[in-house]
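Asks: If you want the building blocks of each chain, they are given just below.
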Amino acid sequence: MTHSTAAAASGTTEVVLEASGLTKHFPIRKRGRELLSRGTRGVHAVDDVDLVLRRGRVTALVGESGSGKSTVARLLAQLHPQTSGTLRLGGEEVVVKRGRAFRAYSKRVQMIFQDPFASLNPVHTVRYHLTRALKIHGRAGKTAQDLEQALTDLLTRVQLSPPERYLDKFPHELSGGQRQRVAIARALGADPEVLLADEPVSMLDVSIRLGVLNLLRDLKDRLLLAILYITHDIASARYFADETFVMYAGRVVEGGDSETVTQHPAHPYTQLLIDSAPDPDRPAAEDKDGGSGEPPSLIDPPRGCRFNPRCPFAMDICRTEVPPPFPLDDGPGHFAACWLYGEGAAG
Amino acid sequence: MSDAVLEIRGLNVDYGLGADAVHAVRDVNLTLHRGEVLGLAGESGSGKSTLAYGMTRLLPPPGVVASGEVLYHRDGGDPVDVLRMDHAQLRAFRWAETAIVFQGAMNSLNPVHRVSTQLTDVIKAHDPRSTTASRLARARELLALVGIAPDRLDSYPHQLSGGMRQRVMIGMALALEPRVVIMDEPTTALDVVVQRQILRQLVDLRERLGFSVVFITHDLSLLVEFSDRIAIMYGGRIVEEAAAADLYRDPLHPYSDGLLHSFPALRGPRRELTGIPGAPPDLRSMPSGCSFHPRCPRAMERCGVEVPVLGVPGDRRGSDRTVACWLHPVQDNRF
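So the sequences go chain by chain: A and B. The opening position of the first sequence corresponds to residue 1 in full-length UniProt numbering, with each subsequent residue numbered one higher. The opening position of the second sequence corresponds to residue 1 in full-length UniProt numbering, with each subsequent residue numbered one higher.
Honestly, the hints are just simulated from the structure, not real lab data. There could be a bad hint or two in this list.
As the list claims (entries may be wrong) - DEER-style ranges, computed between Cβ atoms:
| id | chain 1 | residue 1 | chain 2 | residue 2 | range |
| --- | --- | --- | --- | --- | --- |
| 1 | B | 121 | A | 319 | 41 to 49 Å |
| 2 | A | 27 | B | 117 | 33 to 41 Å |
| 3 | B | 19 | A | 172 | 21 to 29 Å |
| 4 | B | 177 | A | 297 | 31 to 39 Å |
Said to hold, decoys possible - Partial list, computed: chain B residues near chain A (C-beta under 8 Å):
| id | residue |
| --- | --- |
| 5 | 191 |
| 6 | 196 |
| 7 | 225 |
| 8 | 246 |
| 9 | 248 |
| 10 | 259 |
| 11 | 263 |
| 12 | 264 |
| 13 | 270 |
| 14 | 273 |
| 15 | 274 |
| 16 | 279 |
| 17 | 283 |
Cβ atoms here follow ideal geometry from the backbone N, Cα and C, with glycine treated the same way.
Chain A extracted, bound-state conformation:
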């Protein structure tokens, strides 16, 4: 907590990318009798998400698979057009489809994918991948020496040294951690302001995950990047991120300072998530039966709060009205979208 309040005080909280009311419904194909009906049904992948990425800060988005966290990243990268809602980059509203505008946008907002085994082309060398990124974003310089220098800088930046040893390697010659570093270097090739990291370490071996996370943190401090860290591992969000947002079934249910969210979870879903995470320090007696059930279908999500069918505290209002985010006073910016914290409720 002290860590992030210090960052807030030092004036590094300039908003870079801001999403408000971000919504994405994927249409589904009609079959059988549905062909005769009007209107289209859709998968409510992301509904009404507000998110702010600040310079030099890491924001984590935590959720189970299917909670819509990767869709949020893809919307922020403009790989999908949003159904509704607005994106603001540096204060200006972004309207991007393709072509020049998309390229200009992607120069400032870069993405790293989960699987470094799939995101690098197996038939091309590291040099090719990085050169292409530099050329596309106009940072290759004028001469061959400029390019060589830029390549060396990129690899040094992601701690692949000596750079000459890696430049002419093919992806299969590198380990998972090294591949992910090349993917990060490629993203840095555009000199972005925002880095969207979609589960950047979940495919890597346990012992090298922290190396990559520490590298990202180091880059954030040196280049003042705004990083969105998407993960299913709430413990790593606590370790790595300044702010944490928890998603459930396409909606953000809780958010705030990472330490507050993980130590004093307010939303029943966050509490369930934290109780379920493996924790060797947990006393055996404390292992209470967290709950049953699974996330709902997003084609036909439950009315009201989407967690209500699984929630042990569900009230009548939870089944009818969507809870807005209620601010909580136990940490900076801490909020929970839960009727337990509504004005009428005690506590």
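Dock chain B against the given chain A, drawing on the hints supplied.
Replies: For chain B alone, coordinates are given in the frame of chain A:
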């Protein structure tokens, strides 16, 4: 300590033959006791899955078990060596005595058959004289055991969620009441909430039915919570074996220590973590001596030359833990 069910002695598994062979599992000695959950942890390429396939004789070519024995102790009978069983013996042994739940079990159900068909098929294969009605009753019982409503019996796998498919797989493994269940990363594809539900159910079932579990995973923090004993593999060898609580409190091998410090904690003070520098070794060109020494923060000269022996360390005499590290040399390895 309770008696042994499965004893692995000096197991070596190679991929390929002759000089080009890659030694994926080397000199593994491991004992599984009755009713215990034995965790097998290691990174990818450490040989943990190869060990599981080697000891059940499920290893596809070019994998070959080069040497060693796997002794299975029957109830009140002489131990039999699984590696020397003939085809018919093996057929009777598999599933009835030892069942396995595979990695990515969610996708190991046949998509074109109903759950009921797949469950009853197992029972029919091992007991051809059973009646259809009794088989169906047993299938219903199995689903109830793993917490699935019996009306799901007629579902196809795609109609079930990932967690339910995983439960069906566990139910299938238990169909013939085996004494040993080997689980190869059974929950990696699942979300934490579902993972915990399934593991809790597994622990509960083990208490009721009394089988032993070999639980293979890369997630050490999960093992500390759910297993009785943990063996840690690195580069094809077991480097440390201890009771789960001992290993967590006081890891002796620097690799175990590094692995335990690779998981950010959910509680307690926020610390700077470093993980382990370097990358797991390439099995085709293993370092000399202790295979961990290039990454080890406490490596000595000796580590690069001699392979440490797994045994009870001299400074922990009388305990039931073993470690293979020159920092804790073995006083007497004829234990």
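Asks: Closer than 8 Å between Cβ atoms is the bar; does residue 196 (chain B) clear it against chain A? Give me holds or violated.
Replies: holds, 4 Å
Asks: Is the shortest C-beta separation between residue 270 (chain B) and chain A less than 8 Å?
Replies: holds, 7 Å
Asks: Can you let me know if the beta-carbon spacing of residue 19 (chain B) and residue 172 (chain A) is within 21 to 29 Å?
Replies: holds, 23 Å
Asks: Residue 225 (chain B) was flagged as interface toward chain A. Is the shortest Cβ-Cβ separation under 8 Å?
Replies: Since the shortest Cβ distance to chain A is 6 Å, the answer is holds.
Asks: The hint says 33 to 41 Å between residue 27 (chain A) and residue 117 (chain B); measuring C-beta to C-beta, is that right?
Replies: Holds: the Cβ-Cβ distance is about 35 Å, inside 33 to 41 Å.
Asks: If you take the shortest Cβ to Cβ gap from residue 248 (chain B) to chain A, is it below 8 Å?
Replies: holds, 5 Å
Asks: Using the C-beta atoms of residue 177 (chain B) and residue 297 (chain A), is the stated range 31 to 39 Å upheld?
Replies: holds, 36 Å
Asks: Less than 8 Å between beta-carbons is the criterion; does residue 279 (chain B) satisfy it with respect to chain A?
Replies: Check passed: Cβ of residue 279 (chain B) comes within 4 Å of chain A, closer than 8 Å.
Asks: Holds or violated: residue 274 (chain B) as interface residue toward chain A, Cβ cutoff 8 Å?
Replies: With a minimum Cβ separation of about 6 Å from chain A (threshold 8 Å), the hint on residue 274 (chain B) holds.
Asks: Taking the CB of residue 121 (chain B) and the CB of residue 319 (chain A), does the distance hold inside 41 to 49 Å?
Replies: For residue 121 (chain B) and residue 319 (chain A) the Cβ distance comes to about 43 Å; the hint holds.
Asks: For the hint on residue 283 (chain B), just tell me whether its beta-carbon gets within less than 8 Å of chain A.
Replies: Status violated, d = 13 Å.
Asks: Identify whether the interface hint at residue 246 (chain B) stands, where standing means a beta carbon of chain A within less than 8 Å of its own.
Replies: violated, 12 Å
Consistency with the previously given hints fails for numbers 8, 17, ordered from lowest to highest.
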